[in-house]
Every structure is written in structure tokens, then in C-alpha cells.
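Those sequence lines, one after another, are chains D and H. The first sequence: position 84 = 85 (this note's numbering), numbered continuously. The second sequence: position 32 = 14 (this note's numbering), numbered continuously.
Each hint should be verified, as a subset may be incorrect.
Derived lysine-lysine pairs resembling DSS-like cross-links, with alpha carbons at most 30 Å apart [as the list claims (entries may be wrong)]: (1) Lys49(D) with Lys81(D); (2) Lys124(H) with Lys129(D); (3) Lys227(D) with Lys177(D); (4) Lys60(D) with Lys156(D); (5) Lys60(D) with Lys36(D); (6) Lys118(H) with Lys49(D); (7) Lys171(H) with Lys124(H); (8) Lys155(H) with Lys171(H); (9) Lys81(D) with Lys124(H); (10) Lys40(D) with Lys118(H); (11) Lys124(H) with Lys40(D); (12) Lys66(D) with Lys129(D); (13) Lys49(D) with Lys124(H); (14) Lys101(D) with Lys118(H); (15) Lys156(D) with Lys227(D); (16) Lys118(H) with Lys81(D); (17) Lys129(D) with Lys118(H); (18) Lys171(H) with Lys81(D); (19) Lys138(H) with Lys81(D); (20) Lys156(D) with Lys66(D); (21) Lys60(D) with Lys49(D); (22) Lys148(H) with Lys81(D); (23) Lys148(H) with Lys138(H).
Don't read these hints as lab results, they were simulated from the structure.
Read off the chains here:
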Amino acid sequence: MSQIDGTETHPAVMENSTDEYRIQSFDPDTQMLLKTALKDPSSVDLEKVSNIIMDQSLKDHVFSKEAGRICYTIVQAEAKQSDGNVFRRNLLNRLQREFKDREDMRARSIHEWVCYVTFICNVFDYLKVNNMPMVALVHPVYDCMLRLAQPDALKNEEEVDCLVLQLHRIGEQLEKANSQRMDELFFLLRDGFLLQEGLTSMARLLLLEILEFRAGGWMLSSTANKYYYSEISE
Amino acid sequence: MSNRTPDRRTDATSSRREHSRSGPSRWSHCRKRGVDGSMRTDEHEHTEGRHSSFTTPESSGPVSRCAAASDWGSQVEDDEMRRDLHRDLQRYRRRILAVDAPHRERKASSGSSGSCDSKEEDSLETDEGVLLRRQKQINYGKNTLAYDRYIREVPKHLRQSGVHPKTPNKFRKYSRRSWDQQIKLWRVKLHAWDPPTDNGTQEDNEEQLDFGDIMDIELDFPTLTEPAPQAARTGVMEDPEGSGTPVKVQRMDTAAASDIA
Chain D
2 MSQIDGTETH
12 PAVMENSTDE
22 YRIQSFDPDT
32 QMLLKTALKD
42 PSSVDLEKVS
52 NIIMDQSLKD
62 HVFSKEAGRI
72 CYTIVQAEAK
82 QSDGNVFRRN
92 LLNRLQREFK
102 DREDMRARSI
112 HEWVCYVTFI
122 CNVFDYLKVN
132 NMPMVALVHP
142 VYDCMLRLAQ
152 PDALKNEEEV
162 DCLVLQLHRI
172 GEQLEKANSQ
182 RMDELFFLLR
192 DGFLLQEGLT
202 SMARLLLLEI
212 LEFRAGGWML
222 SSTANKYYYS
232 EISE
Chain H
-17 MSNRTPDRRT
-7 DATSSRREHS
3 RSGPSRWSHC
13 RKRGVDGSMR
23 TDEHEHTEGR
33 HSSFTTPESS
43 GPVSRCAAAS
53 DWGSQVEDDE
63 MRRDLHRDLQ
73 RYRRRILAVD
83 APHRERKASS
93 GSSGSCDSKE
103 EDSLETDEGV
113 LLRRQKQINY
123 GKNTLAYDRY
133 IREVPKHLRQ
143 SGVHPKTPNK
153 FRKYSRRSWD
163 QQIKLWRVKL
173 HAWDPPTDNG
183 TQEDNEEQLD
193 FGDIMDIELD
203 FPTLTEPAPQ
213 AARTGVMEDP
223 EGSGTPVKVQ
233 RMDTAAASDI
243 A
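Okay, chain D solo, but in the shape it has when bound:
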């Protein structure tokens, strides 16, 4: 995590944050706005900033995978500068609004839905409260995971891919927060793997791997690792 202090106003140093937070995809003015939000949050419209980040996360899958990071930095900067919570509050409430309409979102665009899940999981990962995950997000994240484990979703490789990626990243934390729902999720995943017709072989492979991953305490044994990943290097 980059340190926010007064020295980070040098142009060369400012440039690093473009890469660090993956904001290259934004137009120059927006990039400037985001960079200012990182250094001097109370000088910008934080509601607007949270919407910009949210909107982009819903479109750009690459951005959504790490957007939690820039959010975290802005939250910290705002808390430090003015003891404020405006950015976090706006971000969370916007996430909540999208969450309420997730079924419509999914019907409209699987890609947007997948980006949304990626983003909310990323936020869950980065935005901690006293080093603990935000309790308010635990159930919504599980709801999203369970949706991805439904039969109609397992048929889409895009959704299976999203599901296993998120479980790799935050599965352990989620289980710690609520193990009952994790069990519930894995019942579905086992059923899906065994009984679901119309799964691609890639989808089946992903499911088998995540089953082994969790069974191994959220890591793969070295032999399993060889099985699933050694082919890539050859």
C-alpha cells in the first residue's frame, strides 16, 4: 500500500499512482480527479468519485479486479485528513443499490454482473474495519456466490471463472465470517459438479479445483498444484 504523505506531489511520483491503481483507462481529467482524491479527499466531490469508480468497475473487468485498492486508499486518506466517511458511505450505498437490482443486471449483461461481483468481493477484501472484514457485506457477498453456483450460472464459463477466482481470494475470510453459508455454497458446488449437465470441461475443472482447494484448508497440496497448474508452464 502506498504511503500518502506530502512528498507525493512530484509529477514523476504522481505518475506511479496511475499504474498502481490501474487508472490508465480513464480520460486525463478523470485521472486527475482520482489522483487528487487520493491526496486531498476533502477538496473533491467524493460522491462523484465513488460513482466514477463504481461505473468503471461495472464496465472494465480488469479494473474491477483491483478497484478495491484505490477505494481503500481514499477511505484512509479521508479518515486521516478530516475524520470523514463520506466516500465509504457513498460507495457502500451505491453497491447496495446495485445489489438490490442484481437479477436485472444479470439478465441485462452477464459481463456487468460478473464485474459487479468481482468489485464487491474486492471491496470486501480491501476495505477492512479495524482489520476485520465489513460485517455488512458478508451476507451480500455470499448471496452473490450462491447465485453464481446456481445451475443456470454454472453453464456460463464466465460466471464459473468469476466464482472460483473470488473464492481463491476471499474464501478463507468468508468462511471465517460465516462457515454455515460456506457449507451451503459448497453443497451447491458439489451437486453442480456431479449432476449438472451442459458444463464445459473447463468449468468442471475449475469446480474440481475449488473443491480440492477448500478441502485442503484454502490451499492446494503440491501434487494437486502440479495437476492443475503445471500444464501451463509446459
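Fit chain H to the known structure of chain D by using the hints.
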């Protein structure tokens, strides 16, 4: 509605209009209807129009606690406050035990049981709901320009009891009335550090303050003003329309009656 953090030098008139229109007061979260009669929703929009002396612009404003807050923003804030409270409580416990230790040693040697520290422990407020409420009340007071100026002006070691406002101790057992009264007096004392308005006096600041909050608890206003500057009295006691009873008291009456538990 934009949540743009407003410039601190907000226009006094428009902010007053905004503030009295939507009028969320500290205790308004317990009321289903706002002062103007409109229904309150769970999603409480931040009133940007608060006068600068009342609260710093970055505050997120009061939160509905009638039902448990259903928006994620509030849930996370409450969660954070709860954790901070528990941490504070542990710290406070350690502090009072440390203070009592010398007494305990003396008592032990004389043969009697260590009743000194348990006495302090007994008068410890641990109810989470109560602590949360008190913390929020304290936060409202600390989230003001007056408080900012006060702590900068008067370092802790120079503070004199009675003269300088002191934050009420949320961990001590007090009755609800007693606590609310302490908060009220504390906040009034803090107004001495309100930033001066453009015309050089502090009168405007007092008027625009939501004295409605304070009126909710206690209707015998005259006893309140002894530490406060004269301006405070004038601001509320005088009624520009000349109908006798201060307008704010009238409006609050029916709501206050149900509020006094």
C-alpha cells in the same frame, strides 16, 4: 442530491433555511416524522445546509436508528463504532484498575477485601446500546468547528474544571436525564469557541443552532444559560414574532412530550 463537501463559509441564510426545512435533530431519529411533518425514511440524506458552527461539513449527519439501519454505509459505521467502543472500554477498565491498585494494596494489608476497585467497576456502564447512543451524542459535539478551535486553543494540561468544557465520561453510570443534561451543558459551553460571523458577533450562530434538540429534553430553558454567553439567551428566548412563547419551543412541544421517556 450531491453530497459535495461544502465550503465552510456557507451562506448563513440559505443554510438556516435548509437546516430548518429538513430539520434532523439529534433526537429526530426517534421520530417517524420530521418537524415539517414529512415522513422520515431510512435512507437519511445528509443535509448539506447545516451551519458551519453546528457541524463540520464532512459529517455524515444523523442516522436513523428507529429500525436497525438498513443501508450498508450506516451498518459499517455502527459496526466500526461498536468496535471502537469495546476497545475504549477495555482501555478504560485498565486505567481505573491501575488507579485503584495502590488503594487495593493498602486495603489488602489491613485485612479487608478489595472493595475499592469493584466499586468503580460497579458504576461502569457496559450496555452497548447506551454506550453507542452516548458516543454518537459526543461525536455530534466533537464534530463542530467550535470543538476544533477549543482543543487547539486550550491544551489539556491548561484546562480548569468548571471553566473549560469537559467531555462527559460515557463509561460512568448516569441516569438518562443526567447524561442528557451533561451533554447539553457541555455543548453550550463549547459554543464559546464558535467561529465569529462576518458581522463580528456570535449571535447569528446561536440562533441557527438547533436548540430544538436541547428543548426536547428539558423545557425549563432559563436554567440552562448560566455558563453560556448572553447571546445564547437572546437567540432563543426572544421571539421575533412577538407571540410570547419561543417559536422553537412551540414546535417541539408535542414531539418532545413523547420523547421524554
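Hint check:
This hinted pair checks out: Lys49(D) and Lys81(D) have alpha carbons roughly 20 Å apart, not beyond 30 Å. Restraint check: the Cα-Cα separation between Lys124(H) and Lys129(D) comes to about 24 Å, which is no more than 30 Å; the hinted pair holds. Proximity of Lys227(D) to Lys177(D) is assessed by CA-CA distance (about 28 Å); at most 30 Å being required, the pair is judged to hold. A distance of roughly 22 Å separates the Cα atoms of Lys60(D) and Lys156(D); the hinted pair therefore holds under the 30 Å criterion.
Among the hinted pairs, Lys60(D) with Lys36(D) is consistent with the structure: their alpha-carbon atoms are about 20 Å apart, no more than 30 Å. As the CA atoms of Lys118(H) and Lys49(D) are separated by approximately 27 Å, the hinted pair is consistent with the 30 Å bound. Pair hint Lys171(H) plus Lys124(H) holds up; C-alpha atoms about 12 Å apart against a cutoff of 30 Å. Taking the CA atoms of Lys155(H) and Lys171(H), the gap is about 22 Å. The hint holds against a cut of 30 Å.
For the suggested pair Lys81(D) and Lys124(H), the alpha carbons sit about 16 Å apart, so the restraint of at most 30 Å is met. For the hint linking Lys40(D) to Lys118(H), the alpha-carbon distance of about 28 Å falls within 30 Å, and the restraint holds. A threshold of 30 Å between alpha carbons decides the hint, and for Lys124(H) with Lys40(D) the separation of about 25 Å falls inside it, so the pair holds. In summary, the hint linking Lys66(D) to Lys129(D) is supported, as the alpha carbons are separated by about 17 Å, within the 30 Å threshold.
With a CA separation close to 27 Å, the supplied pair Lys49(D) and Lys124(H) stays within the 30 Å bound. At roughly 29 Å between alpha-carbon atoms, Lys101(D) and Lys118(H) fall within 30 Å of each other, so this suggested pair holds. As the CA atoms of Lys156(D) and Lys227(D) are separated by approximately 26 Å, the hinted pair is consistent with the 30 Å bound. For a cut-off of 30 Å, the pair hint linking Lys118(H) to Lys81(D) stands: about 19 Å separates their Cα positions.
Restraint check for Lys129(D) and Lys118(H): the C-alpha separation of about 21 Å stays at or below 30 Å, so the hint holds. Under the criterion of a C-alpha separation no larger than 30 Å, the hint pairing Lys171(H) with Lys81(D) is consistent with the structure, at around 27 Å. Only pairs whose Cα atoms come within 30 Å are accepted, and Lys138(H) paired with Lys81(D) is accepted, the gap being roughly 22 Å. For the given pair, Lys156(D) sits about 22 Å from Lys66(D) by alpha-carbon distance, which is consistent with the 30 Å threshold.
Restraint check for Lys60(D) and Lys49(D): the C-alpha separation of about 17 Å stays at or below 30 Å, so the hint holds. Straight-line distance between C-alpha atoms of Lys148(H) and Lys81(D) comes to about 24 Å, which keeps the hinted pair within the 30 Å bound. Pair hint Lys148(H) plus Lys138(H) holds up; C-alpha atoms about 10 Å apart against a cutoff of 30 Å.
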